[in-house]
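K.L.:
Sequence order for the protein chains is A and B. So for the first sequence, the working numbering puts the first residue at 11; every next one is plus one. So for the second sequence, the working numbering puts the first residue at 24; every next one is plus one.
Treat the hints with caution; some may be incorrect.
[Unchecked claim] On the chain B side, residues computed to face chain A include the following (Cβ under 8 Å):
1) K222
2) K225
3) D229
4) K231
5) I233
6) K262
7) E263
8) D267
9) D285
Derived from the structure by calculation, the hints contain no laboratory data. Here a beta-carbon is modelled for each residue, glycine too, at the ideal position from N, C-alpha and C.
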Amino acid sequence: MTSVQIEVFLQTLIAGLLLGGLYALIGLGMTLIMGVMKIINLAHGELMMVGMYIAYWMFVLFNIDPYLSVFIATPALFFLGIAIQKFLVNPVLKVESILPENQVILTVGIGMVLANLATVFFKSDYRSTPVAYATNAFYLSDFWETSPIELSLSVPWTVSFVFAVVITITLWFFLAKTDTGKSIRATAQDLEAAFLMGVNVKLMRVITFGIGAGLVGAAGCLFLPIYYLFPSLGGQFTLIAFVITILGGLGSTIGAIIGGLVLGVFESMTATYIGMGWAPVGRFVIFVVCLIFLPGGVASLLKRKKFGK
Amino acid sequence: MKRMSLIMSLFFLAGIFTTPLFAADNFNLSIPLPLTGSQAKFGEMEKRSYEIAAEEINAAGGIKGNKVLLEFEDSQGKPEISRAIAEKLIDVRKQPVIIGDYSSSSSKAIAAVAEERKTPYLVVTGAADDITQQNYKYVFRMNPSTAYYSSGLMTFLSNVVKPKSIAILYESSDFGTSGAKDMETQAGKMGMKVLVNEKYEKGAVDFKPILSKVKAAQPDVIYMVSYVMDASLLMKQIKELRIDAKLFAGGAAGFAIPEFIDNAKDASEYVVTSTLWCTMVKYPGSREYAEKYKKLYGDYPSYHGAEAYSALYILKNVLERAKSWTPENIREAMKATDMLTAFGPIKFEDKEGYQNQNFMDTLVLQVINGEHNCIWPEKYASKKYIYPIPKWRERK
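Using the sequences provided together with the hints, build the complete structure.
P.N.:
Structure, rendered in structure tokens:
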């Protein structure tokens, strides 16, 4: 490989990892809800859109940086998630119906309502927060002047990535070390056993939906400085989260992180070496291949290894 | 008004005018426009612009002393309704000339009726190439067809930049694909090598992979066909990667509107884009029209408005030259049109497979100091172009 080719490859890899980190955060929320509730939350992208609008208005009205809005949008979405679970999903769970998955259909409806409310209130205009550091970047040649290749690392992308990593670690800590976290994991592993052990399963469900919504709200804030915002943006991110959830293994947190990174890198590589128009195709090739050859996702690979020891 | 017609008839008796006596003092003109439906926004803008022009013309004494009275027929953006309107205007109202309507499909429908009934029709905004490629004798078009949208940019490239290679990025839609294809042919004609020719899905988050490929190919010009948000993201990420092409060019749409600068900020500086019209171009009456429109309706009009506004002036010019106001004579006068309007020079020519088509150099905008400026054609430029553009590293 010539130095130019190496440069293209490394730059693509960097772009893929940064994108993958953000994807992982979106996927995490969905996978968490999937694990505990056993349903796919198809309003996931719309919840992210709500988070982005919160961050956007904070920026416009109070000049609060989108990154600081993480601390506003996340709790807001947490309570929105709780409200959705308590007043919309739970009542539907109780109802006998022909379709066993009518909660899933409910989430589709919630997503539509959210997207259309946003259109009514904020119009279908594209919006973005023109932050001052939007196009700042670190350059390899600034640190190493004789470098044969030039790589750049965008400031907002990097900050978003770091935020995503910190949030993910916090989540891991919460799930592994706290009582509530352990109860959530217990509920996900075996609902009835957890129930028998005295875990308040109903409460765990409510909290989980809240956390899932909060996570994707945070992801929305991190996306705002590097992307833009419009009411119907949810769909494409719901799809991405869905692919990550399948790729990572339904309900597995580690799986979602790895799945997000793999998807990010894969998409970037497709864009560079096959063609950018093919990136969405690549996404679904991964999806289908994973369903056929690795139905348990990355999580099943990890498990197999553990049992092998 | 009575006195006016008296004077006119005196003129007529004196044989100065060979035209027949204009029975009424009013010239009634019905214009089909989409005033409801999805294209209503543009229909409304054109309606207002026609009205501004009519008011000005009437204040200056009308057309040969005839006051222009405008009426609007709602075509709803549907070709079949446009067709019915055209039939009514020609057969029932005996209107000797038709102008207007908005979309290509509606214009096409009217063109067919007009040709059949031998009544001249002036297409104002319909841009599909084939409207003036049907060997129609009675159909004239003042706006450049889609294939010529970037004609100004191409002359700018060949006269100033003289690029040897180009990279084309476009969104995977009808609009993007046709824009990219046109550029590919034009680039081929100019002898440019197309190094990268890639489409992307609208709404993509990250363009850096494809852009690093572009960077490695080192093209002289990077040409992008995108809507505004993709356009801003592209330029922002080009800045991040410090891709130093000789010129960054956009194919109208997303690059030509102020939101592009608002979103891309300093990354939008020096980007050029082709456009049909802009408010600061130095065509006579252009600026005044734009300001008048803004004063009345709060916003600057887009090129659609300027086309409508100028269309009425073209009609005035034609009617003043016509021997009589019969379809045949109006057609002859229209064919001989050679004037400068607020929209640009108008001259109907038969060439390159087109008939009665106005071939004008479209405009080129460049972002200079965070503002769109008209830089090409130089004769009408509001500011001198900046070329060569500084490298990213040397910018503040």
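K.L.:
Can D267/B be said to touch chain A, with a Cβ gap under 8 Å?
P.N.:
Where the cut-off is 8 Å and the nearest Cβ of chain A is about 11 Å from D267/B, the hint is violated.
K.L.:
Holds or violated: the hint that I233/B contacts chain A, with Cβ atoms closer than 8 Å.
P.N.:
With a minimum Cβ separation of about 4 Å from chain A (threshold 8 Å), the hint on I233/B holds.
K.L.:
How about K262/B: closest beta carbon in chain A under 8 Å, or not?
P.N.:
Since chain A brings a Cβ to about 5 Å from K262/B, closer than 8 Å, the hint holds.
K.L.:
At a threshold of 8 Å, is the proposed contact between K225/B and chain A supported by beta-carbon distances?
P.N.:
violated, 10 Å
K.L.:
So, D229/B near chain A? Judge it on the closest CB pair being under 8 Å.
P.N.:
It holds, given that the least Cβ distance between D229/B and chain A is near 5 Å, below 8 Å.
K.L.:
Go through the hint on K231/B and say holds or violated, using the shortest Cβ distance to chain A against 8 Å.
P.N.:
holds, 4 Å
K.L.:
Tell me if the interface restraint on E263/B is satisfied: Cβ within less than 8 Å of some Cβ in chain A.
P.N.:
holds, 5 Å
K.L.:
Do the numbers back the hint for D285/B, that is, is its least Cβ distance to chain A under 8 Å?
P.N.:
OK, holds: D285/B within 8 Å of chain A, min 7 Å.
K.L.:
Let me know if the C-beta of K222/B comes in closer than 8 Å to any C-beta of chain A, holds or violated.
P.N.:
holds, 4 Å
In summary, the structure is inconsistent with hints 2, 8 from the numbered list given earlier, while agreeing with the others.
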